[in-house]
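*Asks:* Listed in order, the protein sequences are those of chains A and B. Residues in the first sequence are numbered consecutively from 303, following the working numbering. Residues in the second sequence are numbered consecutively from 303, following the working numbering.
Bear in mind the hints are in silico, worked out from the structure with no lab data behind them. One or more of the hints may lead you astray.
No copy is singled out in the list; a pair is fine if it fits within one copy or between any two copies.
The calculated EDC-like cross-link candidates involving lysine to aspartate or glutamate, where the alpha carbons are at most 20 Å apart (straight line), are [to be verified]: (1) K320 <-> E382; (2) K324 <-> E424; (3) K511 <-> D610; (4) K692 <-> D662; (5) K692 <-> E440; (6) K511 <-> D664; (7) K324 <-> E636; (8) K320 <-> E421; (9) K692 <-> E535; (10) K324 <-> E560; (11) K320 <-> E357; (12) K692 <-> E421; (13) K511 <-> D689; (14) K511 <-> D437; (15) K320 <-> E654; (16) K511 <-> D564; (17) K321 <-> D463; (18) K692 <-> D549; (19) K321 <-> E421; (20) K511 <-> E416; (21) K692 <-> E626; (22) K320 <-> D610.
One-letter residues, chain by chain:
2 protein chains.
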Amino acid sequence: MRYAVAGVRLGVAQAGIKKAGKDDLLLIALSENAQTVAVFTQNAFCAAPVSLAREHLALSHGQPRYLLINTGNANAGTGEAGIANALSCCAALGVRAAVAATAVLPFSTGVIGEPLPVERVESAIPAAFDALQPDQWERAAGAILTTDTRPKLRTTTLEVDGRACVITGIAKGAGMICPNLATMLAFIATDAAISAPLLEELLRNAVAKSFNRVTVDGDTSTNDAVTLSATGESGVVIEPGSRHASDFSRALETLMIELAQDIVRDGEGATKFVEIHVVGGESEAACDQVARTIAHSPLVKTALFASDPNWGRILAAIGRAGLEGLDTEAVSIEINGVVIAERGARAPSYTEALGQQAMDEDELRLRVSLQRGAAESLLWTTDLSYDYVKINAEYRT
Amino acid sequence: MRYAVAGVRLGVAQAGIKKAGKDDLLLIALSENAQTVAVFTQNAFCAAPVSLAREHLALSHGQPRYLLINTGNANAGTGEAGIANALSCCAALGVRAAVAATAVLPFSTGVIGEPLPVERVESAIPAAFDALQPDQWERAAGAILTTDTRPKLRTTTLEVDGRACVITGIAKGAGMICPNLATMLAFIATDAAISAPLLEELLRNAVAKSFNRVTVDGDTSTNDAVTLSATGESGVVIEPGSRHASDFSRALETLMIELAQDIVRDGEGATKFVEIHVVGGESEAACDQVARTIAHSPLVKTALFASDPNWGRILAAIGRAGLEGLDTEAVSIEINGVVIAERGARAPSYTEALGQQAMDEDELRLRVSLQRGAAESLLWTTDLSYDYVKINAEYRT
């Protein structure tokens, strides 16, 4: 069974929150001793399920038994009623599964501001519960999607002293063309045994290098969440400070970067995958600021969509990124290895033909050198196309 | 002669920088004692003409004799050669007009990063010079446009002790759908006599309430500039601290707000004019931060384009605007007088029909109340349409 993680079962159902005949409810069951950690959105308007999941994670001492995920409705901007509705779903599952409501972490994604159709969720819970199986990762990956065009599912195996452990994860999110505005959910599990503090550290480190490279903490949607569960069922134990911990950390990071990049590649209306690598800054934060200003510029993004080597728009974005005393003469820009600007102006070696050739690729690696220091920052983004507007103008209508 | 300002003459020519047969060069001649003040972009990559105009304004002690404006090429990101090219154009005009090169302020707008076609500009200077007349404001307003679909020209007359003085201004800029990324130019003149310090104060105050309500200082294009010239030819003298100064200030502010709103209404691909009014913040800066986060959100902007009352996206934008300790329960949102959200959730009185009716208007007044203090902030913006992408993807191709 490819993808399967010992101690994890998944069940999918159709609750009718989305159109009839669409999977829109996912239940993930975790074995009794599984340890779970999570990071959540920092949006002040965090959705009801986010508040409740955070609370239940604490109340269950990091050992929830179920993750209950619905799509089609974000249960965000729904006030007190939203909390009551999310709790009601947790309680309904609790009754069915004979666990406390606090052993259930709820997650929602979809339209903001509409009441959660609690009855539909609750009436589909038995079907999801009865469907729980270890081999349902592929269907689960499909069930959590909204405007995504394809599932995001990754797995990796790690050898530890002759024994194997597995890490498998699913993710959703496609509004990343302008990072941080759409809901990003990811659920990752391993059958290694890992203590809560180490698990927390592993998740935070990997998130910083993966999902936070396409989104920023202070600038997230109302519903973003990433969970990492360790069941220990493989018998592999990862001890803090060990070489195995480093290996596991690297494997987890790689898997999460793959999932994060899958999200970008499936960005709403995306026709380009764009890596922005800013080097030579005085700090990682300064490099990040420049990378995000470029990545968020509609003028840069539409030029990328048009495969137009309009590097002047990139220069203009760097110039307004707010770096103190930027020496524009020191700035250079490369796209896919072609030096397009240096000393703050068009590179002498640059030709429109070379620029066009570089821009015609589907994968663009943009490298900006600031020559102010030794720090750097990586960011992944997409272009801005007609289809982005279409998808987001028509999402509800 | 409607629009005419005594002491100001304008001449338009076709230099062939844009397509043949298009006005792309404007010369504004100012009388000998005219006083000029200006505000320029704060982008670190300011264009060559911006550097030079700033320098020449100082060297001419605020009394330049000519403003030389070309469209079709921004002369930005062009390094040392760009400065030399801009200076060469000023010198060529200086020879023709028998003034020092430093008496000429150069302005450019158009594609960034291409060398300025100096010979074309210089060869068209005589035609522009010979065409100088006081009644050319309308043609001048057309000559400075790039992706704009219509000219922006406003005039007003002020009575001062039985004598009349005129204020007339032209502006260009249409990329304001995502504020601050496209070049905004405005040239304003009056035949009142106003001392340099007062003129400076009048311009800064009016810019803060007009053009800076659609753009922000730290976040401007490489070429943004606004000039205000006072010729004194009407015989009207505006003294600092006088009632006339207040009247003039109000008239100037109104005219500049009209020009700024004209720019927004002509925003690239704009189908909606959107006013964002954030009230009840702890400071104007906090209100402004919220207004800009809403105005820059592609998800909000595409919903506005779709006339979709998707207020959840507005809530989400407010939530990630970075206000410390935001009480989401205190937030309410109105669109054109319809309360759509209050206490951080959908308003009990709200119906989709009411929301739809409000959103169907071409002019949307969005009012966000934070209930944290007494400060407020106004911002004008537009929606994000297919045509925005089309215009900006195809601008060079």
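*Asks:* Give a verdict on every hint.
*Replies:* Hint by hint, here is what the structure shows:
1. K320 <-> E382: neither (23 Å within a copy, 59 Å between copies)
2. K324 <-> E424: Within. Shortest intra-copy distance 16 Å satisfies the 20 Å Cα cut-off; inter-copy 66 Å does not.
3. K511 <-> D610: neither (29 Å within a copy, 36 Å between copies)
4. K692 <-> D662: between (23 Å within a copy, 18 Å between copies)
5. K692 <-> E440: Answer is neither: 28 Å inside a copy and 37 Å across each miss the 20 Å cutoff.
6. K511 <-> D664: neither (23 Å within a copy, 43 Å between copies)
7. K324 <-> E636: Neither way: K324 and E636 sit 44 Å apart in one copy and 35 Å across, limit 20 Å.
8. K320 <-> E421: within (14 Å within a copy, 63 Å between copies)
9. K692 <-> E535: neither (46 Å within a copy, 54 Å between copies)
10. K324 <-> E560: neither (26 Å within a copy, 51 Å between copies)
11. K320 <-> E357: Intra 27 Å, inter 62 Å, cutoff 20 Å: neither.
12. K692 <-> E421: neither (32 Å within a copy, 44 Å between copies)
13. K511 <-> D689: neither (29 Å within a copy, 36 Å between copies)
14. K511 <-> D437: This pair counts as neither: shortest intra-copy Cα distance 29 Å, inter-copy 62 Å.
15. K320 <-> E654: Between. Shortest inter-copy distance 19 Å satisfies the 20 Å Cα cut-off; intra-copy 47 Å does not.
16. K511 <-> D564: Classified as within: same-chain Cα gap 14 Å, cross-chain 44 Å, threshold 20 Å.
17. K321 <-> D463: neither (48 Å within a copy, 72 Å between copies)
18. K692 <-> D549: Neither, since 43 Å and 47 Å both go past 20 Å.
19. K321 <-> E421: within (16 Å within a copy, 63 Å between copies)
20. K511 <-> E416: Neither, since 33 Å and 37 Å both go past 20 Å.
21. K692 <-> E626: neither (38 Å within a copy, 34 Å between copies)
22. K320 <-> D610: between (38 Å within a copy, 19 Å between copies)
When each numbered hint is compared with the structure, violations occur for hints 1, 3, 5, 6, 7, 9, 10, 11, 12, 13, 14, 17, 18, 20, 21.
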